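K.L.:
So the chains spell out like this:
2 protein chains.
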Amino acid sequence: MNKEKIRVIVEEMIRNSLQKSKLVPIAASNRHIHLSPEHVERLFGRGYELTKLKDLSQPKQFAAKETVTLIGPKGKIQNVRILGPARGSTQVEVSLFDGYTLGVKPPIRNSGDINGSEPITILGPRGQITIKEGLICAARHIHMHTSDGETFGVHDGDLVQVKVDGVRGVIFSNVLIRVSPKYKLEMHIDLDEANAAGITNGKLGEIIAVESRKQVGGE
Amino acid sequence: MNKEKIRVIVEEMIRNSLQKSKLVPIAASNRHIHLSPEHVERLFGRGYELTKLKDLSQPKQFAAKETVTLIGPKGKIQNVRILGPARGSTQVEVSLFDGYTLGVKPPIRNSGDINGSEPITILGPRGQITIKEGLICAARHIHMHTSDGETFGVHDGDLVQVKVDGVRGVIFSNVLIRVSPKYKLEMHIDLDEANAAGITNGKLGEIIAVESRKQVGGE
Chain W
1 MNKEKIRVIV
11 EEMIRNSLQK
21 SKLVPIAASN
31 RHIHLSPEHV
41 ERLFGRGYEL
51 TKLKDLSQPK
61 QFAAKETVTL
71 IGPKGKIQNV
81 RILGPARGST
91 QVEVSLFDGY
101 TLGVKPPIRN
111 SGDINGSEPI
121 TILGPRGQIT
131 IKEGLICAAR
141 HIHMHTSDGE
151 TFGVHDGDLV
161 QVKVDGVRGV
171 IFSNVLIRVS
181 PKYKLEMHID
191 LDEANAAGIT
201 NGKLGEIIAV
211 ESRKQVGGE
Chain X
220 MNKEKIRVIV
230 EEMIRNSLQK
240 SKLVPIAASN
250 RHIHLSPEHV
260 ERLFGRGYEL
270 TKLKDLSQPK
280 QFAAKETVTL
290 IGPKGKIQNV
300 RILGPARGST
310 QVEVSLFDGY
320 TLGVKPPIRN
330 SGDINGSEPI
340 TILGPRGQIT
350 IKEGLICAAR
360 HIHMHTSDGE
370 TFGVHDGDLV
380 QVKVDGVRGV
390 IFSNVLIRVS
400 PKYKLEMHID
410 LDEANAAGIT
420 NGKLGEIIAV
430 ESRKQVGGE
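Protein chains in written order, with our numbering: chain W, 1 to 219; chain X, 220 to 438.
Bound conformation, chain W alone (with noise of 0.2 Å):
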């Protein structure tokens, strides 16, 4: 029996071990970027493409090598990673600690509801622009599979109860539930609530409750 093998026996494993006391991983995402074509183009030059630098958690998104500058009205952030690949639209998501330093209210939003959000400046080497909308402070969510879903018998757009142990332990709640069969099963926190709870990477949260669930006929 081969490493590889091995390997995704005892991933499995430990799924099947998380699944039965519905605990979930919580990864702390830093402030990043995704960008349209177009605004790669514009912020790095004609026929431009994303280099990978490494490949993240949920299936075909990476982090790119190349970052980028948010410019905000009080203050600019450097290095500001950009994911890809690139997206329909331009979102940019930072903690709401990130928005006191640029002096812009980042909403609460669920990643891809820009809709009326904050504007922002984004500074790339071979040009710069405005977005009049796409700044959002992401808001805490689970992802997870499909089977995941089964078998804690919650569905996409759910929002549970989350708890986290220690000294400084908390129950998050209002996090939504996002279902797909692309998905891997990890809850997104930022900066702040990974501090807030003490939390490091790969650390696990306990779903101990639905708090609401999404209307889609009887269940």
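Quick caveat, the hints were computed from the structure, so don't treat them as lab data.
Errors might be hidden in some of the hints.
[As the list claims (entries may be wrong)] Below, a list of computed lysine to any residue pairs in the SDA-like style, where the Cα atoms sit at most 25 Å apart:
hint: 1; chain 1: X; residue 1: LYS293; chain 2: W; residue 2: GLN78
hint: 2; chain 1: W; residue 1: LYS105; chain 2: X; residue 2: GLY385
hint: 3; chain 1: W; residue 1: LYS105; chain 2: X; residue 2: GLY417
hint: 4; chain 1: X; residue 1: LYS324; chain 2: W; residue 2: LEU204
hint: 5; chain 1: X; residue 1: LYS422; chain 2: W; residue 2: GLY103
hint: 6; chain 1: W; residue 1: LYS76; chain 2: X; residue 2: ASN298
hint: 7; chain 1: W; residue 1: LYS203; chain 2: X; residue 2: GLU430
Bear in mind the structure is a predicted one, so any value in this text is a computation, not a measurement.
Position chain X relative to chain W; hints supplied.
P.N.:
Positioned in the frame of chain W, the structure of chain X alone reads:
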């Protein structure tokens, strides 16, 4: 009836109403430092005394006009407010985020419990000192007057759960109760915790459970 009298009566009404529902006003503490009288002199010069900028919510505590710079292995933070009056031991309170900036790992501690905490260098206009311990990240806690403790049914040293509503709603665990006839009802958290829970000053939290009782003999 003059304005001052009205203010006192309104404050009393709010207080009574808060006690009934176990609601506690929350204040976010930014990074700050308490200095020993000796360290005030070493940073600001012989015979120097701190000058009051404004009173704090807790009686006799004040924010001083003076600030210092914190210097860690990886970075420094300027304009760190001194809180007065001078204390027995110097204590520096920062957030975990500040810890990353400085390149140090402050332990989560109750105020005054600095034994074996982190070292830090402090720069003032007339001198620089390095303390061997005293850098902490303050554990979340609630100051309350003796009468609040009686109304809420909690004692000094108890740990409680506090619920905060909103889009970033959380339930904070391990919130230390501190009771004294010198205290005024207020929960103190740091900026990481305030951001994580979407809290602006004055927002209310609700004590929803007592997690552990301090062993003090029959209740």
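K.L.:
Does each hint fit the structure? Answer for all of them.
P.N.:
Verification of the hints:
1. Straight-line distance between C-alpha atoms of LYS293/X and GLN78/W comes to about 17 Å, which keeps the hinted pair within the 25 Å bound.
2. Note on LYS105/W and GLY385/X: the hinted pairing holds, with a Cα-Cα distance of about 16 Å set against a maximum of 25 Å.
3. Annotation: proposed proximity of LYS105/W to GLY417/X holds, straight-line Cα distance about 11 Å (limit 25 Å).
4. Of the supplied pair hints, the one linking LYS324/X and LEU204/W holds, its CA atoms being roughly 21 Å apart against a limit of 25 Å.
5. For the hint linking LYS422/X to GLY103/W, the alpha-carbon distance of about 22 Å falls within 25 Å, and the restraint holds.
6. Pair hint LYS76/W plus ASN298/X holds up; C-alpha atoms about 19 Å apart against a cutoff of 25 Å.
7. Between LYS203/W and GLU430/X the CA atoms are separated by roughly 22 Å; this keeps the pair inside 25 Å, and the hint holds.
In this structure, none of the earlier numbered hints is contradicted; all agree with it.
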